[in-house]
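Put chain B on the given structure of chain A with help from the hints.
For the protein sequence lines, the chains are A and B, in the order given. Going by my numbering, the first residue of the first sequence is number 1, and it counts up by one from there. Going by my numbering, the first residue of the second sequence is number 1001, and it counts up by one from there.
The hints are simulated quantities; they were obtained by calculation from the structure and are not laboratory data. Honestly, I wouldn't trust all of these hints.
[Unchecked claim] If you anchor each label on the Cβ, the simulated ranges turn out as follows:
no. : chain 1 : residue 1 : chain 2 : residue 2 : range
1   : B       : 1365      : A       : 74        : 39 to 47 Å
2   : B       : 1502      : A       : 164       : 34 to 42 Å
3   : B       : 1268      : A       : 443       : 50 to 58 Å
4   : B       : 1253      : A       : 174       : 41 to 49 Å
5   : B       : 1293      : A       : 764       : 57 to 65 Å
[Stated by the list, open to error] Interface residues of chain A toward chain B, partial, derived using beta-carbon atoms under 8 Å:
no. : residue
6   : 51
7   : 91
8   : 152
9   : 154
10  : 181
Here a beta-carbon is modelled for each residue, glycine too, at the ideal position from N, C-alpha and C.
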Amino acid sequence: MKQHTTRMTLTIDNKTVTADTGASILDVARQNGIDIPTLCWHEQLSPHGGCRMCIVEVEGLSHFPTACTTPAADGMIVRTHTAQIREMRAEILQLFLSEHTASCLVCDEQEECREYMSTVRKAGVTTGCRYCPKDGQCELQAVTESLGVRDIIYPIYYRGIPVETEDPFYDRDYNLCILCGRCVRMCQEVRLADVLAYKHRGRDAIIGPAFARTHLEAGCEFCGACVSVCPTGTLREKARAWEGAPDREEITTCTFCGVGCQVRLLVKEDRIIGSLPADDPTVNQGQLCVKGRFCNTELVNGHQRIRHPYRRENDIAWDVSWDAAFELIAEKLRSSAPERTGMLVSSNLTNEDLYVAQKFMRVVMKTHHIDSTARLFYGSGFSAYLTLMDRAVPLSAIRDASAVLMVGLDTRFSRSVVGVAIRTAMKRGIRMFTLHSREHTFSLNADVWLQPEVGEEYRYVEALARLAAGEDVTDRSIPADIRVHLADVARALSESDSPVILVGAEFLQYDSSRAFLAAVAQLADHVGAGVLTLPAQNNLYGSLLSGSFPELLPGMRPTADAARLQKLESLWGTSLTGLTDAWNADHLLRDDCAMQFLYAVGALPPVHRGAATFTVFQNMYPPEPYCSADLVLPTAAATETDGSFVNGERRVQRVRRAVAPPGIALPDWDILCRLARHMGAEGFAFTRPEEIREEMAQVIPGFGEAEIDARGILPLAFDAVMHVSGNGTAQRPPDSDHPLILHSSVVEHTHRGFPLAAWVEGSRILFPEGVLDISAEDARALGLRDGDSVHVSGASFEEIYPVRIVRQQPRGALHASILESALTHPNPQPVSVRKADV
Amino acid sequence: MKNFKQREIEAVREWKALHSGSTPVIYIGAATCGIAAGALDVSERVRAILEKHDIEAHLVHVGCIGPCYLEPLMDIAMPGAPRISYANMTPDLAERIIENQFLRGDPSLDFAIAQFSTNGHDGTARLPDFFDLPMLKSQVRLVLRNCGFIDPENIDHYLANDGYRGIQHAFELGPQAVIDVVRDAGVRGRGGAGFPTHKKWQFCRNAPGEVKYVICNCSEGDPGAFMNRSLIESDPHCVLEGLLIAGYAIGATEGKVYINADYRLAIARLESGIAQMKELGLLGENILGSDFSFDISVKEGAGAFVCGEETALIASVEGRRGMPRSRPPFPAVSGLHAKPTIINNVETLGTLPNILRNGADWYRQFGVKNNHGTKTFSLTGKVRRPGLIEVPLGIPLREIIYGIGGGPWKAFKAVQTGGPSGGCLSEEYLDIPVEYEAMAGAGSIMGSGGMIVLDEDTCIVDLALYFLRFTQAESCGKCAPCRVGTWHMVTLLENMTRGQSKPEDITRLQVLGETVKRASLCGLGQTAPNPTLTTLRHFRAEYLEHAREGYCSAAVCKELVTYHIDPQRCNGCQLCRDVCPTNAITGVRSEVHTIDLERCIKCRACYEVCRYHPQAGNAVVYESARRVMA
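So here's chain A without its partners, still in its complex pose:
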């Protein structure tokens, strides 16, 4: 056997170079500054050898190997730019261009066009031909230029494929496709989603989902990874298509869920034009989900964003200045009793916003009445969820796990980077189980898919916990064959070295959520599993840490913690004794809730009930009409402020200001500080978020600047008791009057109280709000078609919904995705459905 050396020496273009063994000719050439043109090669993907641009001559080989696929070898003599090679490259490139409709790549007017932006039109315009959204960023264009191809000797073949625009977020114009296969490899190798494939042969060869399915049907996650690697204008982001190249980039943290992906915001002329995954090694590893990739841009650029504070009275609205707004608030606050004053925040705000908000309530308003809308999301399981969340293992645990159990988690449109991590681990051969009542991303490729009846999920987890503890399961409501599967899963988890349980948002709004979460905790204890909850609210942990709950002080200490109170008193220079803590967000659901003053910071107060005498609504977008907001204040989006979040792993992550807020909008912390100062309060002289963090660091470990940059995991434990509302009743089985089961869940895809569907066009298709999902069988039985309206009535509930027929929905169950699950208690509940009269 030949001895393998770690270094090898070869000659490329008469230059002697050394390289590590295993490197391809292309790698070695590029390391040594020798440029070889490529089109199908991409650093994230396996070499493909399809575009033939990187062909080289190797002494001793009769054919022309591609540099990207050929391993360099010791003593190899490579020539990359001989006359013959250059000629062949030009010839091959012409073949590409002959079926690429943007032939103006070789247009005679090209140079003048670039310089003077002249256009061949009758009128004197100076825009230039914008023939392709990728103009100026196109790799085919760059290669054409570098090879000096100025003419195509072949006839142009127009494929005439209709441009595919029906899917959300990105369009596909396969007339521009050069079949480099980057998108296919990205989808198959990196995302492991296997949605895209090569289809057909010869002249009809094209990319797309196999078997003529649509992207939606084929399970596309709309992660946009394919769009990012497309070298031509074939795959184009709807929102960014014609924006051109960005001026600069800013790395920040995505705000849509507890994973905390690092994103690269593309900025052009002080506007965000796109968001791409940052190559972050700890969290998202260069991947994003549809929300981080596409929703960011649209959400922050919406033309309905509030630009000025405005006052509303009797359905008349008028702009006011900040000072006038502060004066109005101060006046209303002075006349409100602390026990009838409250502040509702969302857990999408930054730590700094939340800290200032709770400080404002405690120092200025002398009350603990600050609460997060998260409480409404988790219902009876709130406290159990926080306890579970507190034992979070890092995301890397998935990659190291030997078995994974997913409960109520669908990674298709949210947390999809977790889905990628699981698929990567599955490729390595781990056992993978999923428990979900609906068909979802992993239902077909998991080792076992436990599919309980809707509302029975907690029984399955309880059974798993008992089995894992070595007890028998005699629950007759679980069929015997399922019990066998449950035993399998329990055994596999018990026998696994490092199992991980991933908790999704699916069952959390059910009345049984407390039992469900308790069972998850038991199961995790019995099998020694790490738990990862990854909450839907991206900064839920931050809102615990900052103390934005009536039960919690900064640093996650209970309100009754005298030592902490004392410490805060000295830090804030004020007395904190005798503050009321009798209110929380659940009260807003009660009809007898009589608030004098409600301040909603980045949150949407619950529907219809509990209208306060005076409501301040501070958000990015105008309030829904039912909010009866009296004063509306514009705030900066997360891309317009500096700050920090804490993700579901308890990792503190930076948020960076990429652009200025619209109009005279300000960051939430700034508004609250100015208001406090306006009201003459001390301790609100913050002018930068760093100053807030400095103060936080005194009561919250891990908040020092250096510690944040280290991006470690916070060493904290949650041991407070949270009040929970337990208004659920047991589910009744369907009867003849109410033959179907309605299960509803709060829209998981929300930001600052609003469903993304409200402000992001494409998300209305992928995750709509306020629609009823029904199985095809039930729809047929009821004579319903997609988009019909139905009248749903249950014991305590009546509503009209548009229906959406989805394959994933199990028969006999209806799923409503609505802003508030509180509307449909009990949840799930038997209902009857009839087609609504038009």
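What follows is chain B alone, placed relative to chain A:
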């Protein structure tokens, strides 16, 4: 092992009983070729006749013996008489022959074409020996030795003919010695490229890894090629034994037969063969008491041409799209499921039992230096005696076409070998020996065994276009030279056949062809221009006639042909006028008709009716006229 020896002895006894017993045997060639010609109808009738007259006889369905033009073949072997072969059977004729033979003792020698002297009986002087027939005289049948003689679904027939002796001998030798025997025999891949088989094996044997695979490549995609199908249908066990030998030599754990899903009969025979092997302990753990464990399964492919390429084939077996990848790594190092894998052609594997049984020296006596052994061909096209043939390497091309095939009916124009990857050779190359190097030197390739004879009625440009359209449509789309380059070549050729091209298009075609050949990723693209490039080399004049003069000498290119009515012959029958779909033909009854060239769409309907209808005068002529250069 003991049971197996017993079974071998019984198989021989049974075989002897069949051939020298007191019961007559009727053989019917029922491979796909025979079935297509009507063999099953014949068989059905024979069975009915035997039943009707209560005649005791064995009816054996055998495989394909080769001469397609004689199908369906029925042979009768009466006790104590040689086996007599009757060709071009129909049920009625078969009935007559059987009744004559069995009821009247008349062997109907007028219908017989040959006799087999193989079972030691003296025949009649009136009939030639089957293997002395002109089509078979120059053939050497090694791989095809059992074809047409044994019942392919009966493993005992194979065993009685020294079946599975090769693998037993291999076990005695040991794996490395098997590779050495194959090296000494000088076996080269019969898939077409002629790579020394032992080298591939040695790479794979030396590659580290516990799990290795052998794949039998029966992705027979060349238009007009059927050697592999016929071999598997007629003698599946020789291929399966070859797989065992290859697997043993390289240390493989599993063998797969990758076969086109439309080869239903071949697949059925493979599967029944595999079942019989398992029953006899020829598959599974510790085969025949050795330490070799092996399993074989059949993988059906959808028939994409590119799946004949090794890496695409592997992708297809893995369940992915049949798409080739760049090498290295070579499959022998990292193939199926990234394990060392050998892919051998059906014929290569089918040869192995012979070599292992008889030794390298025996094999080397066939063929010439560096080109040992035999090669099967599907001899088709404009030839008198088409069929499946096996010849020793080094035989002159002329001997195959004229000696075996009987030559074309009309004037010879070219012979096409290697299908869409191969080339065309003109008359001046007929005396080259059929060897890998000589064929390549002449501009064609040996190929996997397709051999199409063309006569003067074939237009070379049209032929090149036909093959190029085929490869164009079969291009997987991965690399641009193949996907787009072949398409532009098709366009250039199409323009030529329509008289719409410029003389410089020939140069462009040539340059583009060279680019596609050199720059394509896999064998499909690298060889796709071959039919065009070789014909450009040997038949340039015909291209020039098309490009410069708009003239197609074979009068095949529709756009370059015009239809006329010869006034001397036209009898005014009006048949042509009636069939013309565009009413381009006018003329009153009994007077000379004329064709309006403006309206004529060259559908050929008038020609066909005038040529073949008894009332018509064979007056419609079509011809291509030379365009006068401006």
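Each hint, compared with the structure:
1. B:1365 x A:74: 39 to 47 Å: holds (44 Å)
2. B:1502 x A:164: 34 to 42 Å: 38 Å Cβ-Cβ, so the 34 to 42 Å window holds.
3. B:1268 x A:443: 50 to 58 Å: violated (37 Å)
4. B:1253 x A:174: 41 to 49 Å: holds (43 Å)
5. B:1293 x A:764: 57 to 65 Å: holds (59 Å)
6. 51: holds (6 Å)
7. 91: holds (5 Å)
8. 152: violated (11 Å)
9. 154: holds (5 Å)
10. 181: Holds. Min distance 7 Å.
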